[in-house]
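The residues making up each chain are set out below.
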Amino acid sequence: MTKNTSQRADDLDAPWITQDDLPVKKYQIIDENGEYDSEAVPDLTTKEFVDLYRWMLVEKRYAERMINLQRRGEMGTVGSSRGHEASIVGSGYALNDEDYLLAMGRETSAMLMKGVSLRDILLFWRGIDDAQKFLAQRNCMIGISVGGYLPVVTGIGWGMNITDTDAVVTAHFGDGATSTGAFHEAVNFAGVLDAPAIFYCQNNQWAISTPFEKQTNANSIAQRAVGYGVHGIRVDGNDVLATYHAMSEARELAMQGNPVVFEGLTYRREGHSTSDDPTQYRDRDEVEPWLDRDPIERYETFLQSEGLWDEVDKEAMVAEVDEEFDAAIEAANAYGPRDIDELFVYLYEELPSELEAQLRELERSLDELDELEEYIERRPKG
Amino acid sequence: MPETIINAINMALTEEMERDERVVVFGEDVAETGGVFRATEGLKDKFGGTRVVDTPLSEIAIAGGAVGLAVFGLRPVAEIQFSGFLPPAFDQLVTHASRMRWRTRGEWSAPMVVRTPYGAGIRALEHHSESLEGAYAHIPGLKVVIPSTPYDSKGLLKASIRDPDPVLFMEPKHVYRSIREDVPDDDYEVPIGEAAVRQEGEEVTVISWGAMMHKTLEAVEKIDVDAEVIDLRTISPMDRETILESVKKTGRCVVVHEAPKSGGWASEIIATINDEVLMYLEAPIERVTGFDIPVPLLSMEDYYIPHPPRIAEAIERVAD
Numbered sequence: 001m002t003k004n005t006s007q008r009a010d011d012l013d014a015p016w017i018t019q020d021d022l023p024v025k026k027y028q029i030i031d032e033n034g035e036y037d038s039e040a041v042p043d044l045t046t047k048e049f050v051d052l053y054r055w056m057l058v059e060k061r062y063a064e065r066m067i068n069l070q071r072r073g074e075m076g077t078v079g080s081s082r083g084h085e086a087s088i089v090g091s092g093y094a095l096n097d098e099d100y101l102l103a104m105g106r107e108t109s110a111m112l113m114k115g116v117s118l119r120d121i122l123l124f125w126r127g128i129d130d131a132q133k134f135l136a137q138r139n140c141m142i143g144i145s146v147g148g149y150l151p152v153v154t155g156i157g158w159g160m161n162i163t164d165t166d167a168v169v170t171a172h173f174g175d176g177a178t179s180t181g182a183f184h185e186a187v188n189f190a191g192v193l194d195a196p197a198i199f200y201c202q203n204n205q206w207a208i209s210t211p212f213e214k215q216t217n218a219n220s221i222a223q224r225a226v227g228y229g230v231h232g233i234r235v236d237g238n239d240v241l242a243t244y245h246a247m248s249e250a251r252e253l254a255m256q257g258n259p260v261v262f263e264g265l266t267y268r269r270e271g272h273s274t275s276d277d278p279t280q281y282r283d284r285d286e287v288e289p290w291l292d293r294d295p296i297e298r299y300e301t302f303l304q305s306e307g308l309w310d311e312v313d314k315e316a317m318v319a320e321v322d323e324e325f326d327a328a329i330e331a332a333n334a335y336g337p338r339d340i341d342e343l344f345v346y347l348y349e350e351l352p353s354e355l356e357a358q359l360r361e362l363e364r365s366l367d368e369l370d371e372l373e374e375y376i377e378r379r380p381k382g
Numbered sequence: 001m002p003e004t005i006i007n008a009i010n011m012a013l014t015e016e017m018e019r020d021e022r023v024v025v026f027g028e029d030v031a032e033t034g035g036v037f038r039a040t041e042g043l044k045d046k047f048g049g050t051r052v053v054d055t056p057l058s059e060i061a062i063a064g065g066a067v068g069l070a071v072f073g074l075r076p077v078a079e080i081q082f083s084g085f086l087p088p089a090f091d092q093l094v095t096h097a098s099r100m101r102w103r104t105r106g107e108w109s110a111p112m113v114v115r116t117p118y119g120a121g122i123r124a125l126e127h128h129s130e131s132l133e134g135a136y137a138h139i140p141g142l143k144v145v146i147p148s149t150p151y152d153s154k155g156l157l158k159a160s161i162r163d164p165d166p167v168l169f170m171e172p173k174h175v176y177r178s179i180r181e182d183v184p185d186d187d188y189e190v191p192i193g194e195a196a197v198r199q200e201g202e203e204v205t206v207i208s209w210g211a212m213m214h215k216t217l218e219a220v221e222k223i224d225v226d227a228e229v230i231d232l233r234t235i236s237p238m239d240r241e242t243i244l245e246s247v248k249k250t251g252r253c254v255v256v257h258e259a260p261k262s263g264g265w266a267s268e269i270i271a272t273i274n275d276e277v278l279m280y281l282e283a284p285i286e287r288v289t290g291f292d293i294p295v296p297l298l299s300m301e302d303y304y305i306p307h308p309p310r311i312a313e314a315i316e317r318v319a320d
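Sequences listed follow chains B and P, in order.
All residue numbers for the first sequence refer to the working numbering, where the first residue is 1 and numbers rise by one.
All residue numbers for the second sequence refer to the working numbering, where the first residue is 1 and numbers rise by one.
Derived by calculation from the structure, the hints in this document are not laboratory data.
Computed from a predicted structure; not experimentally measured.
Hints may contain errors.
[Claimed, not checked] No farther apart than 25 angstroms at their CA atoms in a straight line, the calculated lysine to any residue pairs in the SDA-like style are these:
1) P/K44 to B/N161
2) P/K158 to B/D37
3) P/K44 to B/I162
4) P/K44 to B/E74
5) P/K248 to B/D194
6) P/K44 to B/E361
7) B/K133 to P/K248
8) B/K314 to B/Y36
9) B/K133 to B/E350
10) P/K44 to P/P140
11) P/K46 to B/P352
12) B/K133 to P/K46
13) P/K248 to B/E361
14) P/K46 to B/D164
15) B/K314 to B/I162
16) P/K158 to B/E354
17) B/K133 to P/K158
18) P/K261 to P/D185
19) P/K44 to B/P352
20) B/K314 to B/D194
21) P/K158 to B/L57
22) B/K26 to B/D37
23) P/K44 to B/G257
24) P/K158 to B/E350
25) B/K133 to P/P140
26) B/K133 to B/R284
27) P/K46 to B/V192
28) P/K249 to B/E354
29) B/K133 to P/R105
30) B/K133 to P/R162
31) P/K44 to B/T163
32) P/K248 to B/L355
Same shape as in the complex, but just chain B (with noise of 0.2 angstroms):
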């Protein structure tokens, strides 16, 4: 790309704005190597700032634990988030039962805290439709369509708006979905319609191969708040206290109608998903430092220097996680059994007779065609 030079910048009379005018700053409580200034330290209970600890424990665990079952051919492709612990913890700790999770798929633990089993995040993974229902029950929906559900975002604030209704909606997306014109769409209207509705961007610097930098030219995508007329913040996604405390005044700002862009930073240590191998785009020399910027061992640090870490037995909570998940795979394997039925009866409220009739030869096809269940059979099941 040339850029046109025939007139220096500084030669420019007119008075032109650029991102420079508003530097971006990065909000941060604990630093990277676990130091932190005691005044800005949120005001919890010592069970909250255990709480924390113990979900990014889970969040960890749940990941690895995925990927080996992935890997074991028990899971269908899954999307790690490992890195994201503490943004994802931190988001997701200030958020009330009634308000909306609508969710990329990498925030297990906020959707646990939100009363989803872990089964269910099981399930869906294994691709078993029902889950969907369990997370709806929870008010959440894991949205695939990247940047597609934004602006279903804003509706369920407007309506939030429209019925009075003392919550907020979130939607948790990568750095990605910010390049598509539904993220533009959803955040404008939303600033117009004073909607409930916080936009968090996991800014996890990679969308599959492609880098921010190929992303956008804007530094941040918190500064795009400016544009929309609503606020926005960058904060230090991998300091939990941080993501934690700034979610939790973004809460405040939704329902008093001003609509937020949350921009957490943090890295994508892992593939985007199981079918995606990051050596093929990324050196490890990138990786390697983000590494040592571990967010739960950060938070271990802080944990200590408060004089908190005699609250935490690790070895336990682990084993305590690790139970945990066991008991939801075995229901995740328990569950079942499944009918054909539900293909087509919940497409719409009543089954149209040409769906029916489609329905009955499915049945037909799979009663009298003796191959056929053998080849559904033989396709590995997720």
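Using the hints provided, position chain P relative to the given structure of chain B.
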């Protein structure tokens, strides 16, 4: 007093907003000016700015916002100013509206209406004249409704607003104001998924909808064929029974639509007839449609529109 289609739509919206406070009307220029075709005139004065809302110029957010409102328990009626502007919102219809109930196994749903004027013949600019109902009818989970008369416009729009599933309500803008009939003040619905037999006949079944319905009736007037004329009214889910019963009786069929020929909804109708009543046919089925080109600009759009002489010729050929 006989009413136009536009009046009938306004009546339906007014009555449904009175009946159900969950009904919210929004779109570009719908509140202050009452819409570019005045379909929503007076609604803001009557129901206020919370329920009648001018939106930014954002088709994606209008359609997606409707999905969110519907999920949250409201009954959104969104207007897309011209169906030529609907493609950006197509994603919201395909990816979210049509499958919210299915995706959540019935836990959430998207009872919403997207109203949009469609079709050629009003001497408009590019992107103001499309008929892509077949593309939308191809989406599982989305209902597609096209009225052709004022009476049906009111009854079908009411049914669409009350429907538990998402409905794309395509309005034949060419005949928005050119036909009038009595539209009762009463509360009535015209059921979605039921075709109407506009004229009974024995020799040829002629199927059409929307603005083309009137061209078809005009064509039938011109010729000496005892045609049975069916107004499909709902594209999806389609009233197969009415079509099949009629074709069994006549053994001949012509389908008329304004949309491009290839892959148009006529193809689906003909395939259905082949599936179910092929042996009753006494002649090949014909279709009279637009061409597989974009709708021409105003100076040449009438070359595109299936006018009555083309329809009449096809009916006579099939009847012969």
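Outcome of the hint check:
Taken as a hint, the P/K44 and B/N161 pair is honoured in the structure, with Cα atoms around 18 angstroms apart against an allowance of 25 angstroms. Among the hinted pairs, P/K158 with B/D37 is inconsistent with the structure: their alpha-carbon atoms are about 62 angstroms apart, more than 25 angstroms. Between P/K44 and B/I162 the alpha-carbon distance is near 15 angstroms, which keeps this suggested pair within the 25 angstroms criterion. This hinted pair does not check out: P/K44 and B/E74 have alpha carbons roughly 56 angstroms apart, beyond 25 angstroms.
For the hint linking P/K248 to B/D194, the alpha-carbon distance of about 58 angstroms lies beyond 25 angstroms, and the restraint is violated. The hinted pair formed by P/K44 and B/E361 fails the criterion: a straight-line CA distance of about 49 angstroms is larger than 25 angstroms. Simply put, B/K133 and P/K248 have alpha-carbon atoms about 44 angstroms apart, too far for the 25 angstroms limit, and the pair is violated. A distance of roughly 22 angstroms separates the Cα atoms of B/K314 and B/Y36; the hinted pair therefore holds under the 25 angstroms criterion.
Between B/K133 and B/E350 the CA atoms are separated by roughly 18 angstroms; this keeps the pair inside 25 angstroms, and the hint holds. For a cut-off of 25 angstroms, the pair hint linking P/K44 to P/P140 is broken: about 34 angstroms separates their Cα positions. About 37 angstroms separates the Cα atoms of P/K46 and B/P352, which puts this hinted pair outside 25 angstroms; it is violated. Note on B/K133 and P/K46: the hinted pairing is violated, with a Cα-Cα distance of about 38 angstroms set against a maximum of 25 angstroms.
A hinted pair counts as satisfied when its Cα atoms are at most 25 angstroms apart, and P/K248 with B/E361 qualifies at roughly 23 angstroms. Distance restraint check for P/K46 and B/D164: the Cα-Cα separation of roughly 21 angstroms lies within the 25 angstroms cut-off, and the hinted pair is therefore satisfied. A distance of roughly 46 angstroms separates the Cα atoms of B/K314 and B/I162; the hinted pair therefore is violated under the 25 angstroms criterion. Note on P/K158 and B/E354: the hinted pairing holds, with a Cα-Cα distance of about 24 angstroms set against a maximum of 25 angstroms.
Taking the CA atoms of B/K133 and P/K158, the gap is about 29 angstroms. The hint is violated against a cut of 25 angstroms. For the given pair, P/K261 sits about 39 angstroms from P/D185 by alpha-carbon distance, which is inconsistent with the 25 angstroms threshold. Our distance criterion of 25 angstroms between C-alpha atoms is broken by P/K44 and B/P352, whose separation comes to about 36 angstroms. Among the hinted pairs, B/K314 with B/D194 is inconsistent with the structure: their alpha-carbon atoms are about 43 angstroms apart, more than 25 angstroms.
Distance check on the hinted pair: P/K158 and B/L57 sit about 53 angstroms apart at the alpha-carbon level, beyond 25 angstroms; violated. Between the alpha carbons of B/K26 and B/D37 the distance comes to roughly 15 angstroms, so the proposed pair stays at or under 25 angstroms and holds. Under the criterion of a C-alpha separation no larger than 25 angstroms, the hint pairing P/K44 with B/G257 is consistent with the structure, at around 22 angstroms. Between P/K158 and B/E350 the CA atoms are separated by roughly 18 angstroms; this keeps the pair inside 25 angstroms, and the hint holds.
Of the pairs offered as hints, the one joining B/K133 and P/P140 holds, with about 19 angstroms between alpha carbons and a cut-off of 25 angstroms not exceeded. For the suggested pair B/K133 and B/R284, the alpha carbons sit about 40 angstroms apart, so the restraint of at most 25 angstroms is broken. Between P/K46 and B/V192 the CA atoms are separated by roughly 22 angstroms; this keeps the pair inside 25 angstroms, and the hint holds. Of the supplied pair hints, the one linking P/K249 and B/E354 holds, its CA atoms being roughly 22 angstroms apart against a limit of 25 angstroms.
With a CA separation close to 5 angstroms, the supplied pair B/K133 and P/R105 stays within the 25 angstroms bound. Using a Cα cut-off of 25 angstroms, the hinted pair B/K133 and P/R162 holds, with the two alpha carbons roughly 23 angstroms apart. For the hint linking P/K44 to B/T163, the alpha-carbon distance of about 18 angstroms falls within 25 angstroms, and the restraint holds. Of the pairs offered as hints, the one joining P/K248 and B/L355 holds, with about 22 angstroms between alpha carbons and a cut-off of 25 angstroms not exceeded.
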